[in-house]
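Spelled out, the chains give:
There are 2 protein chains.
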Amino acid sequence: MVLDAALDFSNKELFPYLTEMDQQGVTYSDGKVTVHPQVYKVLKKLGEAGFLNATLSYEDGGIQLPYMVHYATSIIHTAANNGGIGYTGLTSGAAHLIISFGNEELKKTYAESMYKGIWQGTMALTEPGAGSSLSDIITKAEPATDNTYKISGQKIFISGGDYSDAENIVHLTLARIIGAPKGTRGISLFVVPKLRVVEDGSLVNNDVITAGVFHKMGQHGYITAHLIMGEQNNCLGYLVGEENMGLKYMFQMMNNARIEVGLTGVAIASAAYYASLKYSQERRQGRHPSPKKVDSEPVKIIEHADVRRMLFMQKSIVEASASLVFECAKYLDLTNVTDGEEKEHNLLLLDLLTPIVKTYPTEMGILSVSNGLQCLGGYGYCQDFPLEQLYRDIRITTLYEGTTGIQSLDLLGRKMMMHDGKALKLLLKEIHTVIKEASNFAQLTKYADILNAYLQEYQQVVSKLMALAGRGKLAQFLADANLFMELTGNIVLAWQWLKQGIEASRELENNSLAIFYTSKIETLKYYFTYELPKCKGLITTLNENELITLFKDNEPLI
Amino acid sequence: MVLDAALDFSNKELFPYLTEMDQQGVTYSDGKVTVHPQVYKVLKKLGEAGFLNATLSYEDGGIQLPYMVHYATSIIHTAANNGGIGYTGLTSGAAHLIISFGNEELKKTYAESMYKGIWQGTMALTEPGAGSSLSDIITKAEPATDNTYKISGQKIFISGGDYSDAENIVHLTLARIIGAPKGTRGISLFVVPKLRVVEDGSLVNNDVITAGVFHKMGQHGYITAHLIMGEQNNCLGYLVGEENMGLKYMFQMMNNARIEVGLTGVAIASAAYYASLKYSQERRQGRHPSPKKVDSEPVKIIEHADVRRMLFMQKSIVEASASLVFECAKYLDLTNVTDGEEKEHNLLLLDLLTPIVKTYPTEMGILSVSNGLQCLGGYGYCQDFPLEQLYRDIRITTLYEGTTGIQSLDLLGRKMMMHDGKALKLLLKEIHTVIKEASNFAQLTKYADILNAYLQEYQQVVSKLMALAGRGKLAQFLADANLFMELTGNIVLAWQWLKQGIEASRELENNSLAIFYTSKIETLKYYFTYELPKCKGLITTLNENELITLFKDNEPLI
Chain E
1 MVLDAALDFS NKELFPYLTE MDQQGVTYSD GKVTVHPQVY KVLKKLGEAG FLNATLSYED
61 GGIQLPYMVH YATSIIHTAA NNGGIGYTGL TSGAAHLIIS FGNEELKKTY AESMYKGIWQ
121 GTMALTEPGA GSSLSDIITK AEPATDNTYK ISGQKIFISG GDYSDAENIV HLTLARIIGA
181 PKGTRGISLF VVPKLRVVED GSLVNNDVIT AGVFHKMGQH GYITAHLIMG EQNNCLGYLV
241 GEENMGLKYM FQMMNNARIE VGLTGVAIAS AAYYASLKYS QERRQGRHPS PKKVDSEPVK
301 IIEHADVRRM LFMQKSIVEA SASLVFECAK YLDLTNVTDG EEKEHNLLLL DLLTPIVKTY
361 PTEMGILSVS NGLQCLGGYG YCQDFPLEQL YRDIRITTLY EGTTGIQSLD LLGRKMMMHD
421 GKALKLLLKE IHTVIKEASN FAQLTKYADI LNAYLQEYQQ VVSKLMALAG RGKLAQFLAD
481 ANLFMELTGN IVLAWQWLKQ GIEASRELEN NSLAIFYTSK IETLKYYFTY ELPKCKGLIT
541 TLNENELITL FKDNEPLI
Chain V
1 MVLDAALDFS NKELFPYLTE MDQQGVTYSD GKVTVHPQVY KVLKKLGEAG FLNATLSYED
61 GGIQLPYMVH YATSIIHTAA NNGGIGYTGL TSGAAHLIIS FGNEELKKTY AESMYKGIWQ
121 GTMALTEPGA GSSLSDIITK AEPATDNTYK ISGQKIFISG GDYSDAENIV HLTLARIIGA
181 PKGTRGISLF VVPKLRVVED GSLVNNDVIT AGVFHKMGQH GYITAHLIMG EQNNCLGYLV
241 GEENMGLKYM FQMMNNARIE VGLTGVAIAS AAYYASLKYS QERRQGRHPS PKKVDSEPVK
301 IIEHADVRRM LFMQKSIVEA SASLVFECAK YLDLTNVTDG EEKEHNLLLL DLLTPIVKTY
361 PTEMGILSVS NGLQCLGGYG YCQDFPLEQL YRDIRITTLY EGTTGIQSLD LLGRKMMMHD
421 GKALKLLLKE IHTVIKEASN FAQLTKYADI LNAYLQEYQQ VVSKLMALAG RGKLAQFLAD
481 ANLFMELTGN IVLAWQWLKQ GIEASRELEN NSLAIFYTSK IETLKYYFTY ELPKCKGLIT
541 TLNENELITL FKDNEPLI
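Heads up: the protein sequence lines correspond to chains E and V, in order. If you read the first sequence in the numbering used here, its first letter stands for residue 1, the second for the next number, and so on. If you read the second sequence in the numbering used here, its first letter stands for residue 1, the second for the next number, and so on.
The set of hints was computed from the structure by calculation and includes no laboratory data. One or more hints might be untrue.
For chains that are exact copies, the list does not tell them apart, and a pair is met inside one copy or across any two.
In silico DSS-like cross-links for lysine-lysine, where the CA-CA straight-line distance does not exceed 30 Å [to be verified]:
(1) K116 - K41
(2) K140 - K300
(3) K446 - K464
(4) K552 - K499
(5) K534 - K446
(6) K248 - K300
(7) K429 - K464
(8) K300 - K464
If you're wondering where the values come from, they're calculated on a predicted model, not measured in any experiment.
Please build the complete structure, drawing on both the sequences and the hints.
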């Protein structure tokens with residue numbers, strides 16, 4: 001029911017505006033930002049429909065919608081209009097932070113209007129000198145009266161940061177209270193509204209101005225603001241939770257946001273896959289190489305091996321990446337209904353998979369959309385088809401919410417190390433269970449064996465890396481984190497395909513939906529034949545000890 | 001001297017307009033096309049300077065400039081403004097066709113004004129129903145009087161196809177004379193001007209109208225036209241050379257155009273590399289993992305291993321791709337000064353390398369620019385830096401002049417097969433000579449051995465594929481042509497790096513320019529450690545016999 005509603009909403013309110021939002025973009029003049037009018041309509045409609053707080057508990061006003069369903073809904077929305085739906089996710093995420101860590105007054109004064117879709121929410125982290133390195137944040141918070149602080153500083157790259165339709169914009173802002181410790185341990189979280197609510201309930205200007213908007217390659221309908229807070233010394237911020245705990249709180253939002261960026265990669269790549277599939281099923285060009293009949297009508301291009309390869313590639317990336325998003329949703333949901341050791345296991349698996357689900361669907365999603373574009377030949381490069389826009393839109397996803405480099409350091413330097421590698425052990429157990437199950441199906445045995453062999457080589461790579469970490473050679477340990485991420489992602493996706501293969505094999509034994517499930521098995525074969533062997537090169541490189549990328553003092557820079 | 005002039009010209013006339021041309025784009029209204037005024041100025045200035053016909057023989061009015069120098073010049077121009085310089089290359093190429101195959105009258109009437117940079121030239125091949133499959137061209141040529149033909153039909157994706165500044169536009173057009181054989185053997189080449197020259201030397205309208213312009217992702221300053229010829233039954237074309245030989249003639253231009261598209265990939269990726277290198281040397285963010293000093297000033301991001309990897313990747317692609325362009329220029333130049341068997345060998349090597357030099361620098365160039373963009377974080381996605389535009393611009397290069405799929409079929413289906421694989425034998429001999437020479441340098445022995453080992457595996461793959469061709473299994477033989485291209489390209493680039501390594505090792509023995517040459521050796525190591533191992537996955541896939549991408553009747557489409 002929820003998914004049907006999402007599809008209906010996407011068809012009516014999102015997809016029809018995809019191109020328009022791209023072409024009209026955002027305008028900024030005299031400090032005023034204008035976005036496509038449909039943006040605010042969507043936010044309000046989804047707010048009214050109870051979509052923004054659906055995943056919250058009953059106590060917090062939600063309907064306890066499982067993340068599994070919520071993310072499936074989000075994929076549908078995002079595939080229809082990735083820029084247009086961004087506003088909603090941000091507002092939800094920002095309000096969730098208030099609900100989780102804020103006091104009753106903040107909940108009532110700010111979160112309620114955000115969930116209604118009347119006020120826009122944002123996360124205001126990045127500063128001109130602090131992007132990937134959040135420890136360098138310098139926005140200042142000076143204690144004023146009654147738990148309020150005077151905020152002053154600049155925030156850049158603030159998605160949804162300002163637009164005139166919205167009644168108010170509420171920035172969940174990281175800042176440093178005067179005298180706080182240096183680094184990440186001195187960062188606090190504040191609610192900094194564009195208009196603050198005063199005693200009589202009215203809204204007054206809170207000295208947050210928009211100094212400019214960023215002109216981006218894609219997501220033209222999604223405003224990215226440069227904000228200046230407190231230029232007139234009249235910007236009040238409201239502390240969320242305790243002092244100096246800001247980064248820890250923010251990571252609750254950020255972890256979900258990372259899954260959602262991965263989900264955005266899945267959604268855009270999925271839209272591109274279906275658009276290129278449709279074109280390939282209709283466009284006729286060329287003939288089969290053998291027998292080559294010049295006189296015959298040209299064939300549909302989906303019949304050409306190279307076009308099929310590009311379609312299989314997309315399908316193999318999109319469907320297993322979606323499946324990985326749902327795997328994460330499963331662990332996220334389970335953490336809400338389990339206790340003790342079980343809960344700990346679910347949390348560990350979620351933590352380990354988060355940087356992977358952020359990275360694989362976005363890095364490979366970019367290549368997937370590029371393959372979609374290529375299927376259309378010259379038309380792919382033109383605005384006549386959506387591929388051109390989707391190719392520009394998806395490029396941001398490896399930068400948002402921590403670049404691929406940052407995610408890779410998180411995976412190798414933090415997630416692999418936590419609790420002595422316990423998360424990895426749990427993951428390997430999951431994968432081995434699937435391998436064992438897959439071996440029961442004749443058509444999957446070969447692939448189960450292949451994955452098993454790669455896992456053994458993977459574990460040798462892990463041991464080698466852990467040994468470096470153990471000897472305190474941290475720089476060397478982390479130097480190829482990006483390749484380790486690519487290797488891990490590739491193996492994790494193979495696991496997802498094997499899971500899908502098991503389901504498909506079961507269903508085929510029942511003769512249900514033969515075309516759908518046969519195509520799943522074919523795509524699994526594609527993945528294991530064309531994508532997974534890339535691990536061989538990665539393993540070879542990771543087993544080298546050349547230290548080429550490592551910085552050494554006085555070495556000539558390239 | 002020529003290169004210095006090219007750099008000076010690029011700095012003054014090309015680079016300052018890169019962003020402007022992108023932002024102003026092309027306007028089309030009431031059938032009239034307007035492009036940035038600098039476009040025509042560049043064409044005329046380079047025409048006046050004698051640049052457009054510089055490679056021609058003295059007899060044909062040129063200065064016999066070697067292609068080696070011409071292409072080096074083109075890389076400089078193209079790196080400065082890839083869209084703006086496109087007009088010049090097209091005009092040259094179109095005029096060369098007239099010089100090579102046209103009669104004296106066509107040379108005098110059309111080619112002269114083109115070389116002067118007063119008239120724009122184009123190649124008009126593609127039609128709505130005939131893109132990759134040129135055999136399906138239907139533009140009609142009906143014999144009229146005196147070697148003239150009435151032309152009627154539509155041509156799409158015509159670069160430089162129309163703009164109001166140019167005095168005239170001359171389309172080198174493929175069309176089918178009434179009654180000509182079907183397929184590629186019935187295609188003729190015509191000069192179809194926008195304004196035709198009549199007896200008194202004046203110009204009259206020739207019934208070529210622009211029905212619209214294409215709105216592209218990038219190269220916004222480079223007009224792409226949809227032309228309609230002969231709607232009023234008043235469009236005259238002048239036959240170039242003999243009837244039905246059009247495709248053969250056109251391939252002279254197309255072969256050079258393919259090298260030049262590869263060169264465009266090199267040039268754009270090179271511009272992106274230097275822009276991201278500069279940013280990485282200036283931007284400070286984060287700290288080394290060990291020892292991590294929170295209090296210290298952030299380091300330059302070029303010191304981070306992951307940024308270094310992305311820079312090395314770009315350098316390794318750009319410099320070896322440029323080197324491959326020059327390798328092709330060498331063979332092209334040599335064909336002009338050799339005879340007999342030697343000339344045949346040079347031609348064979350040029351033919352074999354042409355699809356590779358079209359493909360590797362463009363496919364890998366796209367990834368290279370993407371790495372450049374990634375170095376800049378969020379700024380890479382914004383118009384504040386050139387990466388954003390270069391990322392959009394380079395995406396066309398795997399489509400222009402035959403897509404990667406077409407180049408791959410050309411490489412495997414035609415070039416590997418010609419003269420019983422003689423071209424490949426010659427190439428392998430060249431590579432083995434370099435491997436042997438590299439083995440004389442201690443620091444290169446390891447890499448010479450690695451390439452040697454890959455070559456053996458490569459030859460096994462070739463044997464397997466040739467056996468399929470020999471058994472008449474053409475569809476199966478060609479199904480993975482794209483992967484075969486990627487594998488071949490990777491090996492060919494390793495060969496180029498080994499050549500550079502030999503030069504660098506020699507120079508280092510003389511202690512000359514140590515930083516420059518040490519960086520070459522480091523980049524060679526990067527290539528062999530990070531890029532070349534990708535062959536392992538490709539070889540594994542090519543040795544599989546799954547036939548996943550092959551079209552089989554009645555198989556469910558994905």
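Hint check results:
no., hint, result
1, K116 - K41, "within (12 Å within a copy, 58 Å between copies)"
2, K140 - K300, "between (62 Å within a copy, 25 Å between copies)"
3, K446 - K464, "both (28 Å within a copy, 22 Å between copies)"
4, K552 - K499, "between (44 Å within a copy, 27 Å between copies)"
5, K534 - K446, "both (18 Å within a copy, 23 Å between copies)"
6, K248 - K300, "between (54 Å within a copy, 27 Å between copies)"
7, K429 - K464, "within (20 Å within a copy, 39 Å between copies)"
8, K300 - K464, "between (50 Å within a copy, 29 Å between copies)"
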